[in-house]
Every structure is written in structure tokens, then in C-alpha cells.
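J.: So the chains spell out like this:
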Amino acid sequence: MILLGIAAVAVAMLALGFEMFLVLGVPGLLVKESFFASLPELIVSQRVVGGVNHSTLLAIPFFIFAAEIMASGQIARRLTDLVKAFLGHRRSGIGQSTIAGCAAFGAVSGSAPATVAALGRIMHPELIKAGYRDRFALGLIVSSAETALLIPPSITLIIYGWLTGTSIIGLFAGGLAIGLLLALMFALYTMWESRRSGARGSPRLPWRERMATLAASGWALGMPAIILGGIYSGYFTPTEAAAVSVVYALLVEWLVYREITLGKLFDLAVRAAITNTVIFVLLGVGALVAYFITLAQVPNAVVAFLEAIEASPILFLLIVNVLFLVAGMFIDPNSALLILVPALWPVAQQFGIDPVHFGLIVTLNICIGMITPPFGLDIFVASSTLRKPVITIIAGVWPFIIINIVTLLIVTYVPGLSTFLPALVMG
Amino acid sequence: MTRVVRLLLLLERLLLAGIMLTMVALYTLAILTREFAPSYASDVAWIDEATRILLVWMVFLGLGLALQSGRHVAMSTLYDAMPPTARRLLGKLIDLVGVAFALYLAWLGFGMTRFVAGAGQISPTLGISMAWLYAVLPLGFVLLALRYVLDLAGLIDFRAGRDDSPAAEA
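In order, the protein sequence lines correspond to chains S and E.
The first sequence begins at 1 in our numbering and counts up one residue at a time.
The second sequence begins at 1 in our numbering and counts up one residue at a time.
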């Protein structure tokens with residue numbers, strides 16, 4: 001009864017637009033006072049700081065900082081220009097360039113909203129010029145940016161890895177496979193849509209110019225090379241790769257492209273720090289909530305329930321899908337991870353589900369949640385950066401949500417898709 | 001009053017940027033040492049712990065500034081659709097809850113800091129008191145409470161600037 005009351009408070013706070021850390025934190029404290037009053041008060045501070053103070057998580061501020069530097073400088077644009085030089089002349093070329101550009105920028109930033117903001121401004125005018133309908137262009141940009149959550153370095157995968165103790169390298173390898181699969185599905189749809197709307201590619205570039213573009217993006221290409229190559233070869237830990245990517249992005253934008261001044265660097269560092277706080281305060285307060293979820297033995301209750309209905313692993317995964325899809329429609333991805341994973345991960349272990357496979361299902365669900373109305377975060381980011389009405393973006397995003405769900409079902413049913421690359425990389 | 005707030009803003013920004021850049025520099029130093037002077041690697045073993053403590057400081061020091069910049073995540077669809085009067089009242093309600101929450105956590109953090117300082121717990125590689133790890137909690141949450149109070153008093157309006165923040169990065 002008390003628990004129901006607390007849940008009602010949480011839902012009301014969420015719906016009324018309380019800051020998310022209050023939506024998690026106030027009910028968390030109420031649960032503590034109502035059910036675990038005998039626990040010392042010290043536990044609260046200890047959990048909140050413990051949710052932040054972790055070596056694996058150090059990769060997040062570094063990747064955020066690197067993304068801020070690249071988005072404000074030249075690296076994002078040069079990567080996009082490169083893709084366009086090679087793909088742009090095909091009928092669906094500009095559409096495909098958008099997908100590949102988002103994947104490439106995702107490979108250096110790890111944040112979907114950052115990708116929408118950086119690539120949207122560049123590609124939206126070009127898509128319209130190529131003859132695509134406005135709503136398709138918007139849907140394509142918003143959805144393609146989701147691949148940033150899957151393609152390493154993904155902040156979502158780092159948080160999942162930290163919550164479950166799964167190898168970040170394994171998750172990054174699996175994320176690469178699933179991210180590319182999703183990009184391929186979008187590419188097929190774009191080919192069909194291009195024919196339908198009579199889109200045109202840009203003029204075919206002679207090889208000499210293509211090579212010139214390749215040369216011009218050489219420094220920018222070093223970025224994914226460092227991150228992916230460094231991590232997969234075992235030369236860097238993910239956190240080290242993240243730190244190196246900041247230094248590399250700084251040196252390239254400052255010395256080679258001459259985009260960064262000292263004053264700008266200061267602003268970028270502050271911006272990155274604030275973005276970081278916004279994510280980590282949820283990790284801290286979320287760690288408190290996760291602690292009570294474990295203490296209340298929620299995972300055991302879920303297992304008991306699933307055993308009672310004789311659920312198969314696949315049925316469990318489908319339930320996971322539904323839970324995350326619904327959660328993703330209403331709350332932000334990190335909060336969804338922080339509340340649901342501690343409750344569901346032990347259950348997945350009971351069912352013998354591969355941790356990387358489970359992580360990718362969860363992440364793919366979060367991708368869908370980010371673009372699903374009414375609350376999908378990226379819809380609003382796109383609306384504010386591209387100055388387009390939310391309603392137009394929602395209209396364009398629907399076909400992509402369906403493609404996403406089809407991909408999700410394939411990934412759920414075929415564990416091998418998620419696990420073959422990690423097995424290859426980790427031996 | 002506003003001059004004090006502006007000075008505070010500048011201080012926070014300086015601290016946050018300083019911590020971020022220091023973290024990058026320290027971590028890079030550790031990597032370079034490992035690569036080019038492995039025999040000194042044990043001399044930089046404190047860096048992992050130092051960067052983690054800096055991370056904790058950066059996170060909680062940024063709470064107030066993030067609120068004032070309208071950057072904290074909130075599901076504001078319903079709020080934005082409300083008529084102005086209802087919005088103003090709801091805003092005050094959220095501010096009140098926010099002040100209470102922030103002050104309570106500041107109080108708990110203060111207690112934790114005092115407890116750890118009293119227990120004399122020393123960090124494994126840095127050799128400083130572990131109380132430093134928790135000392136940012138009272139500071140950061142008081143800075144957060146201050147922003148809610150300023151909003152309550154109508155001196156700032158962080159919800160007005162919320163929509164055009166380019167990326168509520170997730």
C-alpha cells in the first residue's frame with residue numbers, strides 16, 4: 001500500500017516535469033524511510049557517490065569532451081564529406097551518406113543527441129535539395145543518429161557494462177555488428193524511398209577529387225582508427241582510448257584545422273562538464289534506487305513469476321522488449337537502464353542469456369525509445385536544432401520505428417548476430 | 001545580489017573547466033608514462049584514484065550550474081503545454097521539492113564527510129583522507145539548492161531557457 005503510494009508519487013513527478021534526478025531520488029528516499037529505516041543514513045551518500053566513483057565510468061566524460069570538440073570543429077564535416085564523395089552520386093546517395101555520416105560520427109561521439117545536432121544541420125538541407133520529402137529527411141536523420149548508441153564508443157553500452165560487469169570491449173564489438181545491421185536496414189528503406197520520391201544523387205566526382213577528399217579527411221579518420229583500433233587490439237582500455245581521443249581531437253582541431261582557440265576550449269570544457277553532470281547525477285541517484293531494488297529482492301520476485309508461468313528464455317526477452325519500449329517512451333534512456341537493468345539482469349543470468357546479447361537488446365530498445373513519441377528525447381533535440389515542428393518529425397519517424405522493431409526482433413531471435421564479433425575479438 | 005550570482009557562475013565555470021582539463025592531462029600522463037617510461041609506472045599509480053575523485057567533484061559541483069542552464073533532464077511535455085499560471089505554480093512546487101531534496105542530501109553528505117573524517121579512513125594510493133571524496137556532496141547540493149531558491153524568488157528562470165538548449169545529451 002505504501003509502496004503503491006510512493007509509485008504514484010514517482011509517476012506524478014515524472015508526468016509533471018520534475019527534474020529526473022528528483023523523480024528517481026525523492027521516491028528512493030521515501031522507500032528508504034518507509035521500508036529500510038533501520039539502515040544508517042550514511043548509506044545514501046555512500047551509494048550516490050559509489051554510483052559515480054568508478055574507473056570504467058571515467059570513459060564517459062572523456063568521450064563527451066571529445067564529442068564537444070569535434071562537433072564544434074571540422075572533424076564531423078570532413079567525415080561527412082568523405083562519405084558523400086564516394087556514395088553521393090547514386091540515386092539514393094545523399095540518403096545513404098546521411099546514414100553513413102551518422103554512423104561515422106557515432107563512432108567518434110557515442111551520443112545520439114550530439115549526432116542529431118551535429119549531422120542534422122549539415123545533412124538536412126542537402127536531403128531536401130536532393131528531392132526527399134521533408135518528413136522523410138527528418139525521420140532519417142533522427143533515426144540514423146540512434147546508431148551512435150550502438151556503434152562504439154557508446155555511453156549507453158559503457159553504463160550497461162558497468163551495471164552488469166560485462167566486458168566493455170565485448171559490448172563494443174557486438175554493438176558494432178548490430179549498429180551496422182541497423183544502418184543496413186535503414187539503407188534498404190532509403191533505396192526504396194529514393195525511387196518513390198524520385199530523389200537525385202549529387203554529380204559523380206572523378207577519382208582525383210575523391211582522393212583529395214580522402215586526403216583532406218585523413219586527420220579526421222584517425223579518430224575512429226584510434227578508438228576502434230586501439231581498443232580492439234588491446235592496446236588501450238576503453239577509458240584510455242577515451243582520454244587519447246580528447247587529446248587527439250584537440251590537437252587536430254587546434255593545430256591542423258585551426259578551429260579551436262583557448263577561449264573556445266574553455267567554453268567546450270564547461271559545456272562537456274555540464275553534460276557530464278546531467279548524466280552522472282542520474283547514475284548516482286540511480287545507484288541508490290538500484291540498491292533498494294536489489295535489497296527488496298525484486299529480481300527474485302521476477303524469476304519466481306516467470307517460473308510460475310513457465311516462461312522460455314525467448315518469452316522473457318520479449319517481455320524485456322515490451323518493458324523497455326514502454327519505459328523508453330516515457331523516461332530518458334539512462335534512467336530506464338538504471339531502473340530496469342538491476343531488476344532484470346539477474347533474471348537474464350538465470351535464463352543463461354549471453355550478457356552481450358542482453359545488453360544489445362536493451363540498447364536497441366533504448367534507441368527505439370529515444371525516437372518514439374510522445375517523449376522520445378531525440379525528437380525534441382531535432383525539433384530545436386533544426387527548427388522543425390515536433391509533429392512533422394513524428395510523422396517522418398514512424399516507418400523507421402517499424403524497421404527498428406523488425407531489427408529488434410531479429411536481434412532477439414538470433415543471438416549469434418550479437419555474439420559472433422565479440423567471440424572473434426576476444427578469442 | 002546578481003553580481004554575487006555572476007561571480008559564483010564564473011567561479012563554477014572556472015572550476016569545472018579546470019577539473020575537466022586536469023583529468024585529461026593526468027590520464028594522458030599516465031598513458032604516456034606506461035608507454036615510454038614503464039619503470040616509472042608505479043610513480044603514477046595514484047592517477048587513477050585522483051581522476052576518479054576529480055570526476056566525483058566535477059559531477060556534484062556542476063549540479064547548480066546545470067540547473068541554471070536548464071540542462072537537467074526533465075520530461076517537460078505536459079509542463080510546456082500548460083497555461084502560464086498553472087506553469088508558474090507548478091514551477092514553484094518543483095522548486096520547493098528541489099530545495100528540500102537538495103538541502104537534505106547536502107545534510108546527509110555533510111554527515112558522511114564528518115563521519116569519514118572522524119574514522120580517519122585514508123585513500124589507498126593518494127594517502128589523503130577519504131573525507132575529500134564526500135566533501136563535494138554538501139557543497140554541490142547547496143549550490144543546487146541555491147539555484148532552486150533563486151528560481152523560487154523569481155531571480156532566475158531556468159525553465160524558460162530549457163527548450164533551446166541544443167542537446168540534452170543522453
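Among these hints, one or two may not hold up.
What the hints assert, rightly or not - Sample of chain S residues facing chain E (criterion: CB under 10 Å; computed from the structure): (1) LEU16; (2) VAL23; (3) ALA308; (4) GLU310; (5) ILE405.
Stated by the list, open to error - FRET-style restraints, in silico, Cβ to Cβ: (6) LEU262/S with PHE36/E: 35 to 43 Å; (7) TYR40/E with ASP267/S: 28 to 36 Å; (8) ARG258/S with PHE36/E: 47 to 55 Å; (9) ARG114/E with GLY5/S: 12 to 20 Å; (10) LEU89/E with PHE35/S: 28 to 36 Å; (11) MET426/S with ARG34/E: 20 to 28 Å; (12) PHE36/E with LEU184/S: 37 to 45 Å; (13) ARG114/E with ALA15/S: 50 to 58 Å; (14) ASP134/S with LEU89/E: 45 to 53 Å.
Claimed, not checked - Only part of the chain E face toward chain S is listed, based on derived beta-carbon distances under 7 Å: (15) LEU10; (16) ARG13; (17) ALA17; (18) THR22; (19) SER76; (20) PHE101.
Simulated from the structure, these hints should not be mistaken for lab results.
Values in this document were obtained by computation on a predicted structure and should not be read as measured data.
Glycine residues also receive a C-beta, built at the ideal position from the N, C-alpha and C atoms.
J.: Run every hint past the structure and note whether it holds.
T.: Hints and how they fare:
no., hint, result
1, LEU16, "6 Å, holds"
2, VAL23, "8 Å, holds"
3, ALA308, "34 Å, violated"
4, GLU310, "37 Å, violated"
5, ILE405, "20 Å, violated"
6, LEU262/S with PHE36/E: 35 to 43 Å, "27 Å, violated"
7, TYR40/E with ASP267/S: 28 to 36 Å, "35 Å, holds"
8, ARG258/S with PHE36/E: 47 to 55 Å, "28 Å, violated"
9, ARG114/E with GLY5/S: 12 to 20 Å, "33 Å, violated"
10, LEU89/E with PHE35/S: 28 to 36 Å, "32 Å, holds"
11, MET426/S with ARG34/E: 20 to 28 Å, "22 Å, holds"
12, PHE36/E with LEU184/S: 37 to 45 Å, "42 Å, holds"
13, ARG114/E with ALA15/S: 50 to 58 Å, "38 Å, violated"
14, ASP134/S with LEU89/E: 45 to 53 Å, "38 Å, violated"
15, LEU10, "11 Å, violated"
16, ARG13, "5 Å, holds"
17, ALA17, "4 Å, holds"
18, THR22, "10 Å, violated"
19, SER76, "4 Å, holds"
20, PHE101, "6 Å, holds"
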